[in-house]
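Undergrad: With the sequences and hints as input, model every part of the structure.
Those protein sequence lines, which keep their order, are chains X and H.
Just so we're aligned: the first sequence equals residues -14 to 434 in the numbering used here.
Just so we're aligned: the second sequence equals residues 126 to 441 in the numbering used here.
Hints in this document: simulated from the structure, not taken from any laboratory.
Where a beta carbon is used, it is the ideal one built from N, C-alpha and C, also for glycine.
Please note that a few of the clues may not be correct.
[What the hints assert, rightly or not] Chain H side only, calculated, beta carbon under 7 Å to chain X, not exhaustive:
| no. | residue |
| --- | --- |
| 1 | Gly157 |
| 2 | Gly159 |
| 3 | Pro160 |
| 4 | Tyr165 |
| 5 | Ser168 |
| 6 | Arg169 |
| 7 | Ala172 |
[Said to hold, decoys possible] Coverage of chain X stretches by chain H, computed from C-beta distances (three or more under 8 Å per stretch; other residues unrestricted):
| no. | region |
| --- | --- |
| 8 | 73 to 79 |
| 9 | 89 to 98 |
[Stated by the list, open to error] Straight-line C-alpha distance at most 25 Å; calculated BS3-like pairs for lysine-lysine:
| no. | chain 1 | residue 1 | chain 2 | residue 2 |
| --- | --- | --- | --- | --- |
| 10 | H | Lys173 | X | Lys86 |
| 11 | X | Lys19 | H | Lys162 |
| 12 | X | Lys6 | H | Lys173 |
| 13 | X | Lys6 | X | Lys26 |
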Amino acid sequence: MNFAQLTPYRNMRSRLHLAIKRGRLAVLDIGSSKITCLVLKLDPARLAEAGRNDHLGTSLFGAIEVVGARNVQSRGVRRGEIVDMDEVCRSIRMALLNSEKMAAPKVGRVDQVIVSFSGGNPQSFSTTAEVETETGQVTERDISNVMGACPPPPIGEARRILHAQPVEISVDDQTGITDPRGMTGHKLTVAMHVLTVDARPLSNLMECIRQCDLDLAGVVAAPYASGLSALVEDEQRTGAVCIDMGGGSTSFSVFLRDQLICVEQIRYGGDHVTSDIAAGLLMRSAVAERIKTLYGGVIPTGADDRDLFDAPRIGEEESPNRRQISRGMLIGVIRPRVEETFRLVRQRLVELGITEMPGCSIVLTGAASQMPGVDEMATRIMGRRPRIGRPIRIAGLPQSLSGPDFSTAVGLATYALRPHEEIWDFAAPRPLSARGQVAEMFRWLKTSW
Amino acid sequence: MREIVPQIAPDEVRPASGRKPRSEPRPEARKGPGPSKLTYRLSRAWAKPIIRNAALVYLPLIALAIAGWRVAADDGWRGMIEARILSVVEQIAARPEFAVRGVAVFGGSDALQADVRRALDIQPGMSSLKLDVEELRLRVEALGAVETATVQFDPQGTLRITVVERIAVVLFRRTDGGLVMLDKNGVEIGPAERRADHPELPVIRGPGAQDRVGEVIALLGGAPGIVPRLRALIRVGERRWNLELDRGMTIKLPETGGVEALSRIMALHYGEELLDRDIEVIDMRLPERPALRMKPEAAETYQIRRAVAALGGEDT
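TA: Put into structure tokens, the structure is as follows:
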């Protein structure tokens, strides 16, 4: 991996540390159907204490409080990518101003923001490298060397790295090491997971944030963020698939041994179901969305044909003799699309070999997972019973924002607190064999005279 | 070409369905809800404490200071403002609630009370806000006959003055012949018109006599019998006292122990009518050697008697 390209990521990290030091941070989940903004109040002292006492970060959340929250309709975003920058900026401004107003008694204005990125056709690569340790004991310099030795994956033209995390570190033949520093061994091996996205939508997103006068403190893949908040820790350790069923797309992230190992995206989401209803039943899409939310489902039951409700055609919304359809009819429209989505997910999982992984649980989250019967259908297609994942509780999170559709926003908050170590958190390998600048100066003095 | 719209009341052109006629779509694209960039920037700038404090505290303070300075620097403005303030103060002070209803003087003789009223010179109806009670008290105490005074307003608006009068114990004959009354501390109360007005008071004179009123009281208190015959006490050389009695008799008292010397004289008087004899001077200045000087005619008679006795003649 080339460390020279990582300067922007390091800058984002330093902004994140600044925000934690100041104790206030905003997270923005920019989705296709809604933009959620949370203003967080952080307690740097408690955060540092939690980091010292508890390496895996189970007791993290006393250090964080949601003091402002706002959920607005997203305009100008399609499939997680920005198509109308002006409208997106407007929505972000509204969400941020309102949540800042709510947070005003507790924190001042926030400048640093972490955003989620749900489009850009994410692709996961893995790359691995092995080096001999210099002294027979693993030093930070060895770790930097092995990171630098990882061959860059073939990410392709116009793609950018979003995450690059060491997922597996082994010394000699011992695997599953979380912190190899100081360990004895001659061979240091690291396997890295590199997540890349299209550069163009990502830079559009960054430009939007810049236009809103905000400092970008990190960009996180949306399925990764929802996995962080919807999966419980044991699931992350033993292996789990978090399927985030959003409005514009359905994406899933795979976790194993506390690490993200894969992210995939399928370009079907809840909006497609709505447009299916609108097109198939000749309705305005607002009406279709409402009917889907109120009466939608995917598993037919015996009572469906007797369950009638208004489903006006286009233009007859206010006429007294509106059309009425049965719930069965609605399910008949919704079901094929959801089924197709799940089949695509299953196909990807089979390609990745995750279906053979024992003990791998499936967690459904995102707004579309609230549709009745979705878990039943997932059971039928995937062969495993999924769980509907609600985000973990954070202090101060409003009840209205704690459903499965807000797991990405909450996941961003947890990411802000305890980001997994990315490659840019490590020092670049240096040609000189010195630990620090003072040591280097002594070495130079010693060798010069 | 413009379409000609018939001028009919809107109610009549509304279609039967009750829906308003659809308005033309606006040419520009419909914007979603949300603040404009300017609003956003302003409100975020407003969220910065430094900017908010500047706008809410510092700028108004500076403006106020500049305005105040401009007004204070302009004589016309300042004069006008002062005049306004004064007139308002006057109006408030002139309200009947603040008027003095009367003056009540307690203690002291009637003459003194009249003096006090004259000294205060307060007409009923004056504003009490303009009176300084402490200054009034000093003015009352400046009267010689007043020892201490308290001045206070009671809630009904009456000025209550309580005085303690000085009591004259001696008269002091000044070197220019004027006669003044002194109290027991030697403080001058006021002039006495005539000696006859105060027959009960002893007269003292001589340099430094007015500072020794206490000694006078002690002397006379020790010998009350002498008082009816006393004409004056004279301070001699700022050291000691001479008592001048009627019939030209003088008692010279020592510097110290004057009271004992006087009581000794009184004892002699009660035993041998010393003071009724024709003696000009009783000199007690040396306690171990008192001396008498007889009047010249008495001395002459004494000489004749002694001569007769010496001649062996009988006393006629």
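Undergrad: Could you run down the list of hints and mark each one as holding or not?
TA: To see whether the hints hold, each was checked on the structure:
Because the closest C-beta pair between H/Gly157 and chain X is about 4 Å apart, less than 7 Å, the hint holds. For H/Gly159, the shortest C-beta to C-beta distance to chain X is roughly 4 Å, which falls under 7 Å, so the interface hint holds. A hinted interface residue such as H/Pro160 counts as satisfied when its beta carbon comes closer than 7 Å to some beta carbon of chain X; here the least separation is about 5 Å, so the hint holds. For H/Tyr165, the interface hint holds, since its Cβ comes within 7 Å of a Cβ in chain X; the closest pair sits about 4 Å apart.
With 7 Å as the threshold, the beta carbon of H/Ser168 comes within range of chain X, its nearest partner Cβ sitting at about 6 Å, so the hint holds. The interface hint given for H/Arg169 is met, as the beta carbon of that residue sits about 6 Å from the closest beta carbon of chain X, less than 7 Å. The interface hint given for H/Ala172 is met, as the beta carbon of that residue sits about 4 Å from the closest beta carbon of chain X, less than 7 Å. Look at the region 73 to 79 of chain X against chain H: 5 of its residues bring a Cβ nearer than 8 Å to a Cβ of that chain, three or more, so the hint holds.
With a cut-off of 8 Å between beta carbons, the region 89 to 98 of chain X has 3 residues touching chain H; three or more are needed, and the interface restraint holds. At roughly 12 Å between alpha-carbon atoms, H/Lys173 and X/Lys86 fall within 25 Å of each other, so this suggested pair holds. As the CA atoms of X/Lys19 and H/Lys162 are separated by approximately 20 Å, the hinted pair is consistent with the 25 Å bound. A C-alpha spacing of about 18 Å is found between X/Lys6 and H/Lys173, which places the hinted pair at or below 25 Å, so the restraint holds.
Between the alpha carbons of X/Lys6 and X/Lys26 the distance comes to roughly 11 Å, so the proposed pair stays at or under 25 Å and holds.
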